[in-house]
Amino acid sequence: MSVQTTDYTVSEIRSPAAFITSRVFIYGALVFWAFVCLFPIYWTITTSFKSAVDVTQGHLIPFVDFTPDWKGWRSLGLSPDSIFQTSTVRDEFLKRFMNSVITSVGASSLAIIIGSLAAYGLVRYRYKFAWFKNEDISFFFLSQLILPPVVLALPFLVLYREVALLDTRIGLVLLYTLMVLPIVIWIMRDQFNSIPVELEEAALVDGLSIWGAFFRIVMPIALPGMVAAFILAMVLCWNEYFFAALLTSTDAKTIPVMVASQTGSQGINWWSMAALATAAIAPLAIIGIALERYLIMGMTAGSVK
Amino acid sequence: MAEQTSTANAWPANPADLIPAGRKRLGWGLLAIATLGLLAIIIVQVLYKTEMSTVGFDTWRPVVYAYILWGIALGAWQVLTRGEDGQRALFLLPALLFTIAMVIFPTLFGFYIALTDWNLSSFTGRRFNGLDNFWQMLADPYYRNALFNMVLYVLAVLVEYVIAFGLALLLNAQIKARKFFRVVFLLPLMLSPVAVSWMVGKSLMEYRFGPAATLARHLGWDNPAFFSDPITARISIMMLDAWTFIPFMMIMLLAGLQAMSREVLEAARVDGATAWQTFWQVTFPLMLPVSVTAVILRIIFKLKLADIIITLTSGGPGGATDSVSSFIYREYRDRSNVGYGTMLAMAYLIIIVVFVTWLLKVASRFVRNVN
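First to last, the protein sequences are chains A and B. Going by the UniProt record's numbering, the residue at position 144 of the first sequence is 144; the numbering climbs one at a time, nothing skipped. Going by the UniProt record's numbering, the residue at position 259 of the second sequence is 259; the numbering climbs one at a time, nothing skipped.
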């Protein structure tokens, strides 16, 4: 890669020809990768407006190659002409959608609450439980990140049956919380580390209790970090498939499970598949575009000193 | 990371916080009652389930509630008997109790299941069979194959790293519309892997009509079947997974590039270094710590790879694309083989704990040597 990339003064580049070459190369690469990122999304969205012939002939451009049609969305009961009619598919879809919303928001919230508290405690105070000190406790939390879902899946299947949590949203919420907790603690620890201790000392001198100082002084400052952790947790929970596929069957099925189980007896209805996939990715795509700043903040927490 | 933590010790002890004996007794009493209650419920339930008594609950759910109540009592006990120190412990307790309950117990239980012969579809139920599953695992060519695939998948991270580094450099260059490109490059990470494997893997890369196959034909590949022979299928899976996860590494590397001090690069240029030299002698070494973090995190995520394979190929053709997770998933889903599947999972857990520990050790030595 060329070095002009890390360089903000263009003046020193030797010749205009070299400059133009590097510009062409940089923008060419950028546009190429943007295409790689966007084309599958474009394909998904356009396919939801195609009929069978248009899919099998690989038509690409609406209005030029093919006439868009609400076919895919009608099969979900979400097209303009079918939205006011009763539709069992739509009810089904909305139920799955709500399951996804509830589990991912619930798990992210729970993880933020207990994760922030733990991260704050680990950053500010010294603990000693038996022979476990702060470093060991931090390591214990973060090491959960390594744990592959498949290790917990079967024991949880059995345990959840015993405690009647199989195929419930609460069961999924608990598991997803466990899954994102290390990430939340990682991000929040970084956040709290960057807040000067003097603020809390002043608050304590002014007569606030430890918890009062946390809620009234520290929390508002750490809020952006919490938003970042929340969004990252949302992304992971919303897209989670493994646990959902194993531990839910009828009541608590989430959107990814519904997407994965779309093979009908007459092959795949690409238009309805595409509409469903669009609906599954749209919420996060919108969140990602709108709150990109927080996402980046969450992902880079702790990696750059 | 814990250098800044020892502030609590420096704070003066609050003299008003001397705890009266009555309050301490109350705390201990509360804890004793809660512990006894929890134990009592567990014992009643065990007796009921083993059919030694007729009193009990249908499910173990009450034990969960009892555990939550016990946790609350534990917190109250901390505050009542230890005052301010107890309030500090309260920050950590919820997460700790939650994680212990959700991880330690299931993992131990998992190790027990791993030593049983337990097929959900057979009538015999659970039967302890010692190390039989273990010997069966050692002789299982498909499991070995899945482990080998994991090695390949993990190695693919290096390629992803190179691409991610290149993209990060591009985004860090002096370009217009930087924010637009950053958002676009980030998008694949947000998309559900299941939806992606359907719409990209099964539709876009479809043999007959998929645009990717059409493009491949134009480029001179006569028979663009992405998932029919083992090697292309593996590469296709790697590419799909890379597509969703490259943004993750890219963002971390970009943050590293932006945090780099301008003076060093400036100095390199004043000394007459070429672009190529500056990158290898300055940028790359300075980026090493961030790179190592990004790669290790990515490897940890890679070790969990399952969704794409389960939806796209179900491990096929002939187990060629199986990751360990997807293989165990099918072992359970298709064959209901809980005991054996759990043994495979536990073996995998041990392997990756050893591997990641080794990786962290090597990485820290590597970073220290280069700098």
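Since the hints were made in silico from the structure, they are not lab data. Note that the structure is predicted; figures quoted are calculated from it, not measured. Be careful, since some hints might not be right.
Claimed, not checked - Think about it this way: if two alpha-carbon atoms lie no more than 30 angstroms apart in a straight line, the pair counts; the simulated DSS-like pairs of lysine-lysine are:
(1) K361/B - K202/B
(2) K253/A - K95/A
(3) K71/A - K253/A
(4) K95/A - K133/A
(5) K361/B - K253/A
(6) K304/B - K361/B
(7) K253/A - K202/B
(8) K128/A - K176/B
(9) K133/A - K202/B
(10) K95/A - K24/B
(11) K71/A - K24/B
(12) K128/A - K202/B
(13) K95/A - K361/B
(14) K361/B - K71/A
Against the structure, the hints:
For the hint pairing K361/B with K202/B, the CA-to-CA distance comes to about 40 angstroms; that exceeds 30 angstroms, so the pair is violated. In summary, the hint linking K253/A to K95/A is supported, as the alpha carbons are separated by about 9 angstroms, within the 30 angstroms threshold. As the CA atoms of K71/A and K253/A are separated by approximately 25 angstroms, the hinted pair is consistent with the 30 angstroms bound. Distance check on the hinted pair: K95/A and K133/A sit about 45 angstroms apart at the alpha-carbon level, beyond 30 angstroms; violated.
Pair hint K361/B plus K253/A does not hold up; C-alpha atoms about 41 angstroms apart against a cutoff of 30 angstroms. A distance of roughly 21 angstroms separates the Cα atoms of K304/B and K361/B; the hinted pair therefore holds under the 30 angstroms criterion. Straight-line distance between C-alpha atoms of K253/A and K202/B comes to about 22 angstroms, which keeps the hinted pair within the 30 angstroms bound. Between K128/A and K176/B, the direct Cα distance comes to roughly 52 angstroms. Violation of the 30 angstroms bound is thereby established for this hinted pair.
In summary, the hint linking K133/A to K202/B is not supported, as the alpha carbons are separated by about 50 angstroms, beyond the 30 angstroms threshold. For the proposed pair K95/A and K24/B, the alpha carbon gap of about 50 angstroms is over 30 angstroms, so the pair is violated. Under the criterion of a C-alpha separation no larger than 30 angstroms, the hint pairing K71/A with K24/B is inconsistent with the structure, at around 70 angstroms. The straight-line distance between the Cα atoms of K128/A and K202/B is roughly 53 angstroms, outside the 30 angstroms bound, and the hint therefore fails.
Taking the CA atoms of K95/A and K361/B, the gap is about 47 angstroms. The hint is violated against a cut of 30 angstroms. For the hint linking K361/B to K71/A, the alpha-carbon distance of about 56 angstroms lies beyond 30 angstroms, and the restraint is violated.
Of the numbered hints stated above, those contradicted by the structure are hints 1, 4, 5, 8, 9, 10, 11, 12, 13 and 14, listed in ascending order.
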